[in-house]
Amino acid sequence: MDEMRYEAPETLDAAVALLAGADGDARILAGGTDVLVLLHSDMIEPGLLVDIKKIPELTSIAVEAGGFRVGAAVSAMELVEHDAFSKAWPGVIEGVKLIGSIQIMGRATMGGNLCNASPAADSVPALIAAGAIGTIVGPEGRRDVPVEDIATAPGETSLGKGEILVSFLFPPRPPHSGDAYRRFTPRTEMDIAVVGVGISLSLDDGGTCQAARVVLGAVAERALLVEAAAAALIGTPLDEAALERLAAAASAACRPIDDKRGTKEFRIKVAGVLARRAAQDALERARGN
Amino acid sequence: MARSHVTTTVNGDEYEFLCDAEQTLLDVLRDELFLTGTKEGCATGDCGACSVMLDGRLVCACLVLGVEAAGKLIETIEGLAHGDELHPLQQKFLEHNGAQCGICTPGTLIAAKALLAVNPDPSETEIRYWLAGNLCRCTGYDKIIRAVMAAAEEMREGRS
Ligand SMILES: Cc1cc2nc3c(=O)[nH]c(=O)nc-3n(C[C@@H](O)[C@@H](O)[C@H](O)COP(=O)(O)OP(=O)(O)OC[C@H]3O[C@@H](n4cnc5c(N)ncnc54)[C@H](O)[C@@H]3O)c2cc1C
Ligand code: FES
Ligand code: FES
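Line by line, the protein sequences give chains L and P.
In terms of this note's numbering, the first sequence opens at residue 1 and continues consecutively.
In terms of this note's numbering, the second sequence opens at residue 1 and continues consecutively.
Here chain L stands alone, though its shape is the one from the complex (with noise of 0.2 Å):
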């Protein structure tokens, strides 16, 4: 094997020159808590490694146009100790809080998370459920795309070469809205997803579902914005007939694969079921505040 060359630039530029210029398979490391074990399993074998933590666009945390910009590199223990994002967006954290273990959480971050392309990548569905936006740069300049349209498949995203997602937008928060994440694993802890909801909805003052979006992980090749989960709470106080009908929604749009870890029909009937506890739990901070 060819030796593999480490760069750690400091500017965004410098690290779109790196990627774009490079011939042979470059790879962004950010985390590297998918990539290390990758790398040394002999399942990739890059020429280049670049190194995005040292550039400071990637690795901040800042208030723009009333919602929160999150460095894609910002890593998953320091996204949990903002106070005023947990605050904001306490499903997207519920999320992050999920991927590994307190030492995987110091290095990992969402922009890997969502990058690597697993469907059952924990901080994905309650980071579409939040209609974050992400910001790309590549050498054909600045882009910005809704985040279900990065990962595409397992492994596959449309990020183009030389590409790397820089941030994510978050947008500002109604009154009376609320997020939540609910996963199935067989472990509390350090276990992969078999079926994950994040649902993110605001209510009106009175208590009627203004607008909602319902994201499955883990029951197809990528996360899934299910727009019929999303029609059934929207116009209703969430009551019954609502998250029956939320429940079906979301067991119908899965597409799931049977594993060691759990069948199609039992990730189906369990979409359905966390569908309804996690938008119990959005309600329930919806209303708080």
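Bear in mind the hints are in silico, worked out from the structure with no lab data behind them.
If you're wondering where the values come from, they're calculated on a predicted model, not measured in any experiment.
From the three backbone atoms N, C-alpha and C, an ideal C-beta is built for every residue, glycine too.
Please note that the accuracy of each hint is not assured.
Estimated spans, in silico, between C-beta atoms of each pair [claimed, not checked]:
#	chain 1	residue 1	chain 2	residue 2	range
1	L	P172	P	D55	30 to 36 Å
2	L	E64	P	E154	45 to 51 Å
3	L	G155	P	E124	36 to 42 Å
4	L	P56	P	L18	27 to 33 Å
5	L	G141	P	R3	35 to 41 Å
Please build the complex by placing chain P with the ligands on the supplied structure of chain L, with the hints as guidance.
Only chain P with the ligands this time, still in chain L's reference frame:
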């Protein structure tokens, strides 16, 4: 290609080493700096035997590259005791038989110390969740949990 020249601080002492881009911080600690207290269990982030502190954060040394240690502050198990005086966690692990084969012990001690730094009075449940990334094939965990609770209590008394 030339190996990278890296300067880093481990347990308060400055170290310099040469390493290849592929080498992990765990490889460097053990094979270049001969700090073999930090153990390798899995090399994939699952077991926590390689736990160290990197700029004040608990991490798996097997998931950090050696070159990434440049300019950082690293704390390993070798820095836990003061000379012959054991850290309260080490003392309580001895008293409660928190170590059997010992492979998981250095990583667990580092992880437990990190917990007590942010939460001096953790509940049993909090300790179990915090240490979920530290696997032990021998003790059945209970003795580890008792040892951490006893050390936490002693450290709280020592402070007041
Ligand atoms: C023991 C263990 C347990 C785990 N448990 C869970 C779990 O329960 N739930 C879960 O969801 N995940 C889990 N994971 C995986 C999780 O740690 C990763 O998916 C992590 O979030 C990836 O982030 P990273 O910063 O480490 O990415 P890296 O490993 O650095 O990168 C991952 C991929 O994304 C690319 N990439 C990274 N950042 C960018 C960017 N800004 N722009 C473009 N491409 C980029 C990289 O090139 C690479 O292909 C676990 C991992 C381990 C080792
Ligand atoms: S050796 Fe690093 S986690 Fe197992
Ligand atoms: S004492 Fe043997 S693995 Fe923990």
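So, going through the hints one by one against the coordinates:
{"no.": "1", "hint": "P172/L / D55/P: 30 to 36 Å", "result": "holds, 33 Å"}
{"no.": "2", "hint": "E64/L / E154/P: 45 to 51 Å", "result": "holds, 47 Å"}
{"no.": "3", "hint": "G155/L / E124/P: 36 to 42 Å", "result": "holds, 39 Å"}
{"no.": "4", "hint": "P56/L / L18/P: 27 to 33 Å", "result": "holds, 29 Å"}
{"no.": "5", "hint": "G141/L / R3/P: 35 to 41 Å", "result": "holds, 37 Å"}
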